[in-house]
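Trainee: Listed here are the chains, written in short residue letters.
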Amino acid sequence: GAVVSQHPSWVICKSGTSVKIECRSLDFQATTMFWYRQFPKQSLMLMATSNEGSKATYEQGVEKDKFLINHASLTLSTLTVTSAHPEDSSFYICSARDRTATSYNSPLHFGNGTRLTVT
Amino acid sequence: AQKVTQAQTEISVVEKEDVTLDCVYETRDTTYYLFWYKQPPSGELVFLIRRNSFDEQNEISGRYSWNFQKSTSSFNFTITASQVVDSAVYFCALSNTGKLIFGQGTTLQVKP
Chain P
1 GAVVSQHPSW
11 VICKSGTSVK
21 IECRSLDFQA
31 TTMFWYRQFP
41 KQSLMLMATS
51 NEGSKATYEQ
61 GVEKDKFLIN
71 HASLTLSTLT
81 VTSAHPEDSS
91 FYICSARDRT
101 ATSYNSPLHF
111 GNGTRLTVT
Chain X
120 AQKVTQAQTE
130 ISVVEKEDVT
140 LDCVYETRDT
150 TYYLFWYKQP
160 PSGELVFLIR
170 RNSFDEQNEI
180 SGRYSWNFQK
190 STSSFNFTIT
200 ASQVVDSAVY
210 FCALSNTGKL
220 IFGQGTTLQV
230 KP
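Chains P and X, in that order, give the protein sequences. For the first sequence, position 6 (counting from the first letter as 1) is numbered 6 according to this note's numbering, and the numbering increases by one without interruption. One rule links them: number in this note's numbering = place in the second sequence (from 1) + 119.
Take these hints with a grain of salt, some might be off.
[Claimed, not checked] Residues of chain X placed beyond 10 Å of chain P at every Cβ, according to the derived structure: (1) Thr139; (2) Asn177; (3) Ser184; (4) Pro231.
[Unchecked claim] Label pairs and their calculated CB-CB ranges: (5) P:Cys13 x X:Thr149: 21 to 31 Å; (6) X:Pro231 x P:Thr57: 42 to 52 Å; (7) X:Lys189 x P:Arg99: 27 to 37 Å; (8) X:Asp137 x P:Lys41: 43 to 53 Å; (9) P:Ala72 x X:Val133: 42 to 52 Å; (10) X:Glu175 x P:Met45: 24 to 34 Å.
Note that these hints are calculated values from the structure, not bench results. Just so you know, even glycine gets a beta-carbon here, dropped at the ideal spot from N, CA and C.
Work out the full structure, taking the sequences as your base and the hints as a guide.
Mentor: What follows is the structure, given as structure tokens:
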């Protein structure tokens, strides 16, 4: 089946530093990847949609300068949390849509998530 | 506006009991898709089912079954003869543009 690898699984960083999270589609090409954020015991909130080779589309209220998204290839999207602060601590999950999917409503393939803790 | 509501925050059952997870959605679109995902403690989301708005047939897959009723905007999920391995957070989601709108999730605990 389609596999999405997210790295790292968890990361602890100091306030003020930047952290990069990678999302890779291992056995398929993904024209579109989505980044979600999940607070403890809460739902997943869509942060942005990234399309290969173009700028990401951010949801309302998400700071694009703080959460930098790059989708440089059909198998890799990265999310960089810049100048991280404790309130950025959260669980970040990416998902990818297979390039060969017949519908943009085809099931997405999710990564295992990255737990970010900012101290 | 689109919205998904899972009113049950937490459910606890004893193994072998049947359990139904409720999902109510709001949308003005005539074409849309509904999903259920499972999130075990490890964190990844596991796809369970997708339904489009034109297909109201109920579906059964092993111990899982889904009841889709457009008249009440509900897409409920039933686990029959629950097992400890079913313990997880279950999310209902709605999409018509490819972007998933998730409900708040229901934490299911199945006790041995």
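Trainee: Of the hints given before, which are not true for this structure?
Mentor: 5, 8
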